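> Working from the sequences, and respecting the hints, build out all of it.
Order-wise, the sequence lines are chains A and B.
Position 57 of the first sequence, counting from 1, maps to 57 under my numbering, and the rest follow consecutively.
Position 105 of the second sequence, counting from 1, maps to 105 under my numbering, and the rest follow consecutively.
FYI, nobody ran anything at the bench for these hints, they're computed from the structure.
Keep in mind it's a predicted model, so treat the numbers as computed, not measured.
Certain hints may be false.
Restricting the straight-line Cα-Cα distance to at most 30 Å, the calculated cross-link-like pairs of lysine-lysine (DSS-like) are [to be verified]:
id, chain 1, residue 1, chain 2, residue 2
1, B, Lys156, A, Lys61
2, B, Lys92, B, Lys81
3, B, Lys86, A, Lys95
4, B, Lys28, A, Lys57
5, B, Lys86, B, Lys28
6, B, Lys86, A, Lys62
7, A, Lys62, B, Lys82
8, B, Lys20, B, Lys82
9, B, Lys28, B, Lys81
10, A, Lys57, B, Lys82
11, B, Lys102, B, Lys156
12, B, Lys154, A, Lys57
13, A, Lys95, A, Lys114
14, B, Lys102, A, Lys62
15, B, Lys92, A, Lys61
16, B, Lys102, B, Lys28
17, B, Lys81, A, Lys95
18, B, Lys102, A, Lys57
19, A, Lys57, B, Lys92
20, A, Lys114, B, Lys92
21, B, Lys28, B, Lys92
22, B, Lys154, B, Lys102
23, B, Lys82, B, Lys92
24, B, Lys86, B, Lys102
25, A, Lys114, B, Lys81
26, B, Lys81, B, Lys20
27, B, Lys20, A, Lys95
28, B, Lys28, A, Lys62
29, A, Lys95, B, Lys154
30, A, Lys62, B, Lys81
31, B, Lys92, B, Lys20
32, B, Lys20, A, Lys114
33, B, Lys86, A, Lys114
34, B, Lys102, B, Lys20
35, A, Lys61, B, Lys154
36, A, Lys114, B, Lys156
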Amino acid sequence: MNLLEILREPCPWYVAGPLIGLTVPILLIIGNKSFGISSSLRHICAMCIPANISFFKYDWKKESWNLFFVFGIFLGGVIAAYFLANPNPVEINAKLSEQLATYGITDHSGLLPKELFSWESLFTLRGFIMIVVGGFLVGFGTRYAGGCTSGHAIMGISNLQWPSLVATICFMIGGFIMANLILPYILAL
Amino acid sequence: MNNLENKNTDTEGINGSQLKDSGFSNLKYLIVGIFFGIVFVKAEIISWFRIQEMFQLQSFFMYGVIGSAVVVGIISVQIIKKFNIKTIQGEKIEIQPKVFSKGQIYGGLLFGFGWAITGACPGPLFAQIGTGVTVIVVTLVSAIAGTWFYGLIKDKLPH
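The following block contains the structure:
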């Protein structure tokens, strides 16, 4: 197998996890920046629509590193998809595949199911909830919690901050409740 | 001048540096972001299917990713503190403490709901758009609207 073939294979957790963890010291050492991504959404608000809300009145330019970082994540997505794409469909758990099939979700060719996340789907009730309501909850919830998976679960816990552990446990509880108790009704719409 | 308001309750992604970043020096964050985005895609962390497997306890994968990331993060931060490692500009490394608020509970649960629906936290949204799923731009705009709405009603919420 040559290097490009290896890079095209999906990356195992024990490689991906430590690489993500290393982002913490890298950002600290190259410029004293604490890892966190959802803050970029706040900076975009401060930059585009501050609307005289005190929460958005600060010097966002000082935090513009965060916007460069997320733009990099976008470019990384482009590079991975166009140059390092895995030619095989996403391997998913057989039980999940069976469950999803009952809701008409059978396309596993991409990282997201096309039946849910596509422009056609957006104009259905199910798609609207998945795309618009889901996104709103992500933006509202992360800011209310003061961070997301990166800011709390990875950066906060790395610095042994117990409030971040509380936040992470709540992220997981919310996810378990939604995925197991509520999402089946949304998918059935 | 460090003036992110509510610094104590909301210190995520903060710039601890007192130095001014030029546009050019910001390029290094772009490069770190690119590597990060590639890992996101190649490990399929941005996959909606992986997130469903995680929340239905059908796969160890995401637990392995987050768990090993946290272990590496804890060790790194301890090393930085113990050896008093400085930034490449020679500054002392500052990490703001996280202060508890009820928002971490209420907001945390709401984000958990959104995470399980969209299969994405904020970082993966940017990578998903990059992979060509253009409709996720709508999810991102909606997440920005959610953040903005939080800013609007923040003082009326329990913290």
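> Next, verify each hint and record whether it holds.
Okay, the hints, checked on the actual structure:
1. Lys156/B / Lys61/A: It holds: about 28 Å lies between the C-alpha atoms, which stays within 30 Å.
2. Lys92/B / Lys81/B: 10 Å, holds
3. Lys86/B / Lys95/A: Violated, at roughly 49 Å.
4. Lys28/B / Lys57/A: With a Cα-Cα distance of about 26 Å, the restraint between Lys28/B and Lys57/A holds, given a limit of 30 Å.
5. Lys86/B / Lys28/B: 17 Å, holds
6. Lys86/B / Lys62/A: Between Lys86/B and Lys62/A the Cα gap is close to 20 Å, so the pair holds against 30 Å.
7. Lys62/A / Lys82/B: 28 Å, holds
8. Lys20/B / Lys82/B: Between Lys20/B and Lys82/B the Cα gap is close to 27 Å, so the pair holds against 30 Å.
9. Lys28/B / Lys81/B: Holds, because 23 Å separates the two Cα atoms, which is no more than 30 Å.
10. Lys57/A / Lys82/B: Given pair Lys57/A, Lys82/B is violated - Cα atoms ~36 Å apart, limit 30 Å.
11. Lys102/B / Lys156/B: Measuring from Cα to Cα gives roughly 13 Å; hence the hint holds.
12. Lys154/B / Lys57/A: 14 Å, holds
13. Lys95/A / Lys114/A: Since the Cα atoms of Lys95/A and Lys114/A sit roughly 19 Å apart, the hinted pair holds (cutoff 30 Å).
14. Lys102/B / Lys62/A: Holds, at roughly 28 Å.
15. Lys92/B / Lys61/A: 22 Å, holds
16. Lys102/B / Lys28/B: 35 Å, violated
17. Lys81/B / Lys95/A: 45 Å, violated
18. Lys102/B / Lys57/A: 23 Å, holds
19. Lys57/A / Lys92/B: 27 Å, holds
20. Lys114/A / Lys92/B: 47 Å, violated
21. Lys28/B / Lys92/B: Holds. Lys28/B to Lys92/B sits at ~19 Å (cutoff 30 Å).
22. Lys154/B / Lys102/B: Holds. Lys154/B to Lys102/B sits at ~12 Å (cutoff 30 Å).
23. Lys82/B / Lys92/B: Status holds; Cα separation ~13 Å.
24. Lys86/B / Lys102/B: 34 Å, violated
25. Lys114/A / Lys81/B: 46 Å, violated
26. Lys81/B / Lys20/B: Holds: Lys81/B and Lys20/B sit about 24 Å apart, inside 30 Å.
27. Lys20/B / Lys95/A: 52 Å, violated
28. Lys28/B / Lys62/A: Distance of about 15 Å is within 30 Å: holds.
29. Lys95/A / Lys154/B: 41 Å, violated
30. Lys62/A / Lys81/B: Judged against 30 Å, a Cα distance of about 25 Å means the pair holds.
31. Lys92/B / Lys20/B: Cα-Cα ~15 Å, so holds.
32. Lys20/B / Lys114/A: Between Lys20/B and Lys114/A the Cα gap is close to 44 Å, so the pair fails against 30 Å, i.e. violated.
33. Lys86/B / Lys114/A: Violated, because 47 Å separates the two Cα atoms, which is more than 30 Å.
34. Lys102/B / Lys20/B: Since the Cα atoms of Lys102/B and Lys20/B sit roughly 34 Å apart, the hinted pair is violated (cutoff 30 Å).
35. Lys61/A / Lys154/B: Holds: Lys61/A and Lys154/B sit about 23 Å apart, inside 30 Å.
36. Lys114/A / Lys156/B: Cα-Cα ~38 Å, so violated.
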